[in-house]
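Asker: The task is simple: from the sequences and hints, build the whole structure.
Which chain is which? The protein sequence lines are W and X, in order.
Its first residue numbered 1, the first sequence is counted upward by one per residue in the working numbering.
Its first residue numbered 1, the second sequence is counted upward by one per residue in the working numbering.
Just so you know, these hints were derived from the structure itself, not from any lab.
All values derive from a computational prediction rather than experimental measurement.
The calculated label-pair distances, taken between Cβ atoms and stated as ranges, are:
# : chain 1 : residue 1 : chain 2 : residue 2 : range
1 : X       : Glu267    : W       : Ser696    : 52 to 58 Å
2 : W       : Ser531    : X       : Glu326    : 30 to 36 Å
3 : X       : Asp204    : W       : Asp564    : 27 to 33 Å
Glycine included, every Cβ here is placed at the ideal spot set by N, Cα and C.
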Amino acid sequence: MKFSINWAQHYSNIDLKTWSSDDVVSMIGSQLGAVEEVIKWGPRYDGIVVSRIVSFKKHSNADTLSVCLIDDGGVTKDVKRNEDGFVQVVCGASNVAEDLVVAWIPPGATVPSSVDTDPYVLEAREIRGEVSNGMLASPKELNISEEHEGILEINPDAVGKENTKPGTSFKKLYGLDDLVIDCENKMFTHRPDCFGILGITRELAGINGQQFESPDWYNSPVDLPVVSDLEITSKNEIMDAVPRFMVQVIQDVTVQASSVGVQAALTRVGSRPVNNIVDLSNFYMHLTAQPTHAFDYDKVKTLCSGEVTIFPRMAQKGETLELLNGLTINLSEKDIVIATDKQPIALAGIMGGSQTEVDDTTKSIILECATFDMYTIRRSSMRHGLFTDAVTRFNKGQSPRQNPAILARLVQNITEFAGGSVGDSYDSYEGKDLLYWDPVMCDIDFINSRLGSELTAEQVKGLLVNVEFKVDFDQGQLKISAPFWRRDIELPEDIVEEVGRLYGFDKLPVALPTRVASPTSVNPLMKFKSSIRTMLSQAGATEVLSYSFVSGTLLSSSGQDPNDAYKLSNALSPALEYYRISLTPSLLSKVHQNIRAGHDKFAIFEIGKTHIRSNGVTGENVPNELDMLSLVYVMSDKLTDKSTGATYYEAKHYLDYISSKFNISLTYVPVSSAEGHQIHGPFNQNRSSLIIDAKSGDAIGVIGEYTFTTRKKLKLPEHVAGFEINIAALLKIAGPETSYVAKSRYPHIKQDMTISTNGSSNYSEVVKNVLQAMNELGDSAGYIFDIQPLDIYQKEPESPKQITLRADISHPERTLTTQEVGEFIASVINEVDKKEV
Amino acid sequence: MSTSTISIEQAKDALKAEFETLEIKKQILRSKTLESLMANLKILPNEEKAEYGRDINALKGEIVSWVNDAESEDQELGPIDVTAPFDINTPENKRPALLSTKLGSKHPIMIELEYIVDIFSRMGFEAVESRQIDDDYHMFESLNFPEGHPARDDYDTFMTTEGLIAPAHTSTMQNRVLRQYKDNLTNGLPIAVVIPDRVFRNEDVDVTHEHTFHQFEGVYIDKDVNVGNLIATLKAFMSEYFGQEIKAKLQPFYFPFTEPSFEFAIERPESLRKGDTEADMWLELLGCGMIHPNVLKAADIDPTVYTGFAWGCGIERLVMMKNSIEDIRHFQSGKLDFLRQFS
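Answerer: Here you go:
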């Protein structure tokens, strides 16, 4: 939303000129909305001087060029003049004439239209043998309109004789010495009135503690006698979608370019000048936030079966409409259109149709001024991808009660500037055009308690009356009526916002809430994640965050079924099309790039949330969300100093590290082929296992190396392994981070034992048997013992495995003898061997 | 044509049988059966050639995939004892070991997030994580965004094919948190919660924009909570966070779920200032406001008795400012060279 100070000044009873640009920017910024950009128009015209063409002659070397002598009143410094004090400028325009008042851009000044792109600073230079000191500028070069056929002709009657004296600074004309403040649109989502310069001006007055008075024509419609008998028929059968529909015929207008002043004003707020009719319609849109549209009466007539009839209706299936921008759209039954009895002629509230466009041939016009349902307009705009100034305003919900005033004022201005006589009209509104909406009752204490302020009722009234609210006192309460253009005041909370804003939130007393001294609970899962994060980073692993969205290719490369992943319907790209099923594929996708960056050996981990469609929904009917931890351990193929065993054990070492820290007892069971869980997708069944909570027997994760296919597709080295585990499930079985066991004060004896197994038992079964035998045989003797793995040896693939364990044995009450322990260990081996056979 | 179709089917069966017997699976591609199919192609009438050719190509493609599958089975590393602590015959100095502590690092976003949660915890706020997939009710409706409301346009949300939403703000948890902690109010305690997590916006990625980033939401509800309390709470947090007294200001803003709504700006700490214009001085940090009565009502909290405030703040920008990080895309790049600079 572009706000022009010069426009505002013109329609304000307040003297805005007493405020500096910084004042205005800070008032808007602190008490109205965010400022996106401040555009200072004045400096763009620095150095440009109103001048008069004294004489001109044909250029001797170029047919289309004239050599002009101009009078700049002698104000420009450092320029070559003739003996009369005039300056020579070469000009290619065909409208060069003696005594023409023009805008001269002297050497050293910048062409205004080039400022934003590639600033072009003029100099004195020779054009085919004649020196040109700067240039005479066209409206386009002056950033006034698109007109570039000839140079700007300054009309002394339009701008006042005193402003056309040679030597006058050009920026004094046409309100060019302006400040335009671009306010962020988002700010005014609930304030349709602030999409008009009038609305923002009113707010500025209120913020500054001054009472604003809207122009008379805005508060009550100008009365316009009907003088033409040109007729129109209309109706409105969709009151919900179109709360108000008004049309007005004007006969015999003269369509031509707008005055330079109007063109320049529109250009400054971002509208391209078209012709006097369209420009005036746009002008009032920028001023009041009410869009209007003009149709060519005679073109409409040719599209009617008989009398001229236009009215709003919902579009019908199969209908099409060619728009002003040249595109033809297929209409939906959810679009509102303006139609004749035969066909649609405009997409209501969004854009007019090309068949009824007002152009140079137009004689009579139909003006439409209406209010549309904001939601319907928004959906149509999204459906067709059309985002116009009208949409920006209509989709905020304009007040239907401002339609008559704006239509009447527009008609009055058109007849004044484009001629024509007022004809037939139509208004669908059945409500009353009251100046105020129904009052909101509000207690002064309510306002003060919400703001923490100590305002009096009189102060509140003053603040609100400044922006044209009506405030009465009724049985100790404030009875507050919002003016007809406001649509956002329904609740006492809305009054609180209004009062706080106009008073100034920065003036409110600031105090921390009082607090009860009870301790704050800590979120156990977040604390656990934090501990794991610390633990793993201390163990040399690097925490990674990767996108929650992955490609279908990554899923299938990881042995996962994309059909089991939630799919985005509006993904940014195929690379981000699916919610990830597990974290592992994301981590694996980061491996190759890091190896290429020169990292030979690393561990990366991520703590994150995953979603699997087959995993169902919560009681709230939203997908179940899993809190997962994934780690991947990598050794590149280039690394020579590898551990010799399977990389599986490196990953397991990390998991064992976590589980020992938290006193978690985990067991590992090979993944069976029947399992087929999505999380297992990337894992090689030969070399992976389920992670089982030893107490409950529940599987809480998977650990292992990855399949050949996954490694090949993700360019992974051979030595890569990792795990993925449900971190919430892990928390459930986690003990405290530290645990203490009293140690015996008598010496420990360490002794090794080697169990030979023919391959049918795995390591954990052997250990289980050993511990069982130690318990059975040693319990009565009161031994305390612990065992640690020492070696696992196998001569050849088919030969028996030798598992060597080191037992640490002590007794709480006495010193053990080596012989005693030796006998105990021998009996344990004997017992275990029996089972192994 | 039908005869040749059958012969392709028959050929496929024959090839499959042959494939099973082969020692070196690749040899199937040079099978006589395939060769004879190719020979057939030459003698077919021209009009049948195209379709027959396509069928042969399809069959060939299938055979190649048999070979690939078999090869990956072949090259799949063999079984190991998954219960063991290390591999058989591994010498002691080659056994699994944790990497050097020097190499480890926590993610900078997570470091910051833990720090922020810690400050709020000391201020009496509990922490709850957000969700990463949610529904329209929590993302919009319970937050006073009616269907079709233009404010929805500002959120550029990702949707799933089922119509679920990738939350564009952590406010998606407000209704749940209000319900979860509602009993606090009847027990004379405030609802004071921070909600950190990742959020998603459907926007193009560049040095300052990411489609996936992190926010922390805060809600505070009690009797007699006012705008001054909101300002004081956020100022107290910012001062603790930056380790110095922070000047702050409120700029009016619009959000459907707060009334009034603000943008909260702080005076830049000197270390984070680049110039001395008005724009360099102030840093718009977060959106906030007094919780809209409709949002309280949606959680069955009586807005005539209780009032509260809420805010939502992005984390990436804070981390980028603090560490002079030039490109937001580094965060989720997974680059060790970036990540290991943080600890």
